[in-house]
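Trainee: Here is what each chain is made of, one letter per residue.
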Amino acid sequence: MALTGLFLVLFLVVHLAGNLQLLAGDGGRSFNEYSHFMSHSLLIQTVSKLNFAFIILHVIYSLWLTRQASAARPQGYEGKPALQTATWSSRNMGILGTVILLFLIVHLKGFWYELKFGSAPSITYPGSAEPLHDAYEVVKAAYSQSWYAGFYILSMIFLGFHLHHGFQSAFHTLGLSNYRYKPLIRTVGTVFAVLVPLLFALIPAVMHLQSLGY
Amino acid sequence: MENQSLRLKLRVWRQASAQAKGNFETYELAAVPVHASFLEMMDLLNEQLIREGKEPVAFDHDCREGICGMCSMYINGRAHGPQRGTTTCQLHMRHFHDGETITVEPFRAAAFPILKDLAVNRSAFDRIQQAGGFVTVNTGNAPDGNAVPISKIDADEAFMSAACIGCGACVAACKNASAMLFVSAKVSQYALLPQGQPEHRDRVLSMVEAMDLEGFGHCTNTGACEAECPKGISVENISRLNRSYLIAQLSGGGTSTGTNTE
Chain A
79 MALTGLFLVL FLVVHLAGNL QLLAGDGGRS FNEYSHFMSH SLLIQTVSKL
129 NFAFIILHVI YSLWLTRQAS AARPQGYEGK PALQTATWSS RNMGILGTVI
179 LLFLIVHLKG FWYELKFGSA PSITYPGSAE PLHDAYEVVK AAYSQSWYAG
229 FYILSMIFLG FHLHHGFQSA FHTLGLSNYR YKPLIRTVGT VFAVLVPLLF
279 ALIPAVMHLQ SLGY
Chain B
100 MENQSLRLKL RVWRQASAQA KGNFETYELA AVPVHASFLE MMDLLNEQLI
150 REGKEPVAFD HDCREGICGM CSMYINGRAH GPQRGTTTCQ LHMRHFHDGE
200 TITVEPFRAA AFPILKDLAV NRSAFDRIQQ AGGFVTVNTG NAPDGNAVPI
250 SKIDADEAFM SAACIGCGAC VAACKNASAM LFVSAKVSQY ALLPQGQPEH
300 RDRVLSMVEA MDLEGFGHCT NTGACEAECP KGISVENISR LNRSYLIAQL
350 SGGGTSTGTN TE
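Heads up: the sequence lines are chains A and B, in that order. If you read the first sequence in my numbering, its first letter stands for residue 79, the second for the next number, and so on. If you read the second sequence in my numbering, its first letter stands for residue 100, the second for the next number, and so on.
Among these hints, one or two may not hold up.
[Unchecked claim] Quick list of in silico lysine-lysine cross-link-like pairs, BS3-like style, CA-CA up to 27 angstroms:
#, chain 1, residue 1, chain 2, residue 2
1, A, LYS194, A, LYS218
2, B, LYS120, A, LYS158
3, A, LYS260, B, LYS251
4, B, LYS108, B, LYS120
Please keep in mind that the hints were generated in silico from the structure rather than gathered at the bench.
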């Protein structure tokens with residue numbers, strides 16, 4: 079969980095950095111050129127295959143862990159504690175992960191599949207030789223629907239909670255935490271879990287408002 | 100407050116034997132002194148049951164001083180009850196209120212099979228301990244005090260880990276029924292001291308292997324174990340165990356002086 083999770087954390091950073099160009103305000107040119115570069119770079123394409131593999135591994139391993147846990151306690155407790163001793167996110171990573179997986183399916187269908195196999199419009203910028211996929215237009219059309227933008231923003235909240243436990247937990251599993259570094263890992267993890275989903279959510283929020291003419 | 104007493108309703112897990120099917124029974128206690136410990140309250144219940152000609156509730160207990168790790172019980176959804184940092188024997192009835200219904204269950208884990216009622220078999224911990232929780236020393240005269248220099252920080256951390264009484268609350272509280280806090284504390288108390296170094300890698304590998312054999316779940320770092328531990332054993336021990344295990348695995352297993360070198 080830790081190794082695959084940390085890889086996916088790194089992926090989030092790169093993905094976010096690229097996507098923030100959607101808000102560049104240049105009619106989508108920088109985003110389209112970036113998207114063209116990403117889909118034609120051998121390195122990025124290899125890493126993206128790896129990314130898919132890690133997502134699948136992350137899911138399979140979580141299912142195995144869940145099975146182990148129910149085998150280790152076949153009969154549960156009846157008593158419900160008045161005060162929980164572990165954070166909500168740490169106890170519900172499975173639920174959070176399932177929502178994120180659903181989001182990923184919608185997300186890949188909407189953008190990745192559309193651009194790769196669908197009929198995405200093309201655009202030719204002055205000064206560039208070949209026409210590029212107008213990825214910006216696909217994103218813009220998607221985010222103009224309020225349910226779509228809303229679903230994205232909601233999913234980012236789930237991602238935030240997932241990261242809140244996952245980030246620091248990964249360091250713990252790899253044995254990188256100790257009395258000295260634990261507070262630092264926790265702080266960085268919390269900041270990451272708030273900041274990254276917030277910036278991601280900002281994209282559909284802003285683009286939806288733009289579509290409404292704000 | 101001086102001589103106050105409580106009227107309580109108890110929902111207690113009753114199970115005649117390991118194989119029998121268990122169920123909750125409800126009992127009423129008319130006057131439980133607030134100064135009674137939880138175990139003394141259970142004694143009152145058993146005296147009442149004996150007077151009524153019924154089978155008393157079986158539960159584990161020994162020193163009743165909070166140091167032996169024998170008492171267990173999952174009280175109102177918490178291992179060792181609602182108070183932090185105490186065993187069930189050190190939990191007093193003043194933490195409950197008049198008329199309250201208290202649910203009492205055994206520690207539940209496949210690796211801790213129920214023997215009878217609230218008593219569970221925790222010998223899985225003994226077998227893990229036997230797999231590597233020891234140091235080998237030469238016999239002879241007692242070594243001079245302070246002959247082996249140990250830093251104050253290491254000594255304190257080792258002592259904090261050694262405070263584990265092996266009660267199993269960590270397993271009971273963990274949503275995965277994982278024994279990682281126990282095992283990591285037992286590994287750490289030696290890992291931090293020079294006396295524990297020769298067998299360190301063997302110890303980590305053997306104890307983790309023994310833990311897996313017993314059928315405990317895996318650690319997902321929820322931290323419920325630390326919160327419920329009557330001795331406040333830190334989850335940082337788990338990180339230390341993970342680190343040691345990784346290093347022992349990568350370096351190809353045991354050390355030359357180890358007991359289980361393959």
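Trainee: Which earlier hints can't be squared with this structure?
Mentor: Hints that this structure does not satisfy do not exist here, as all of them hold.
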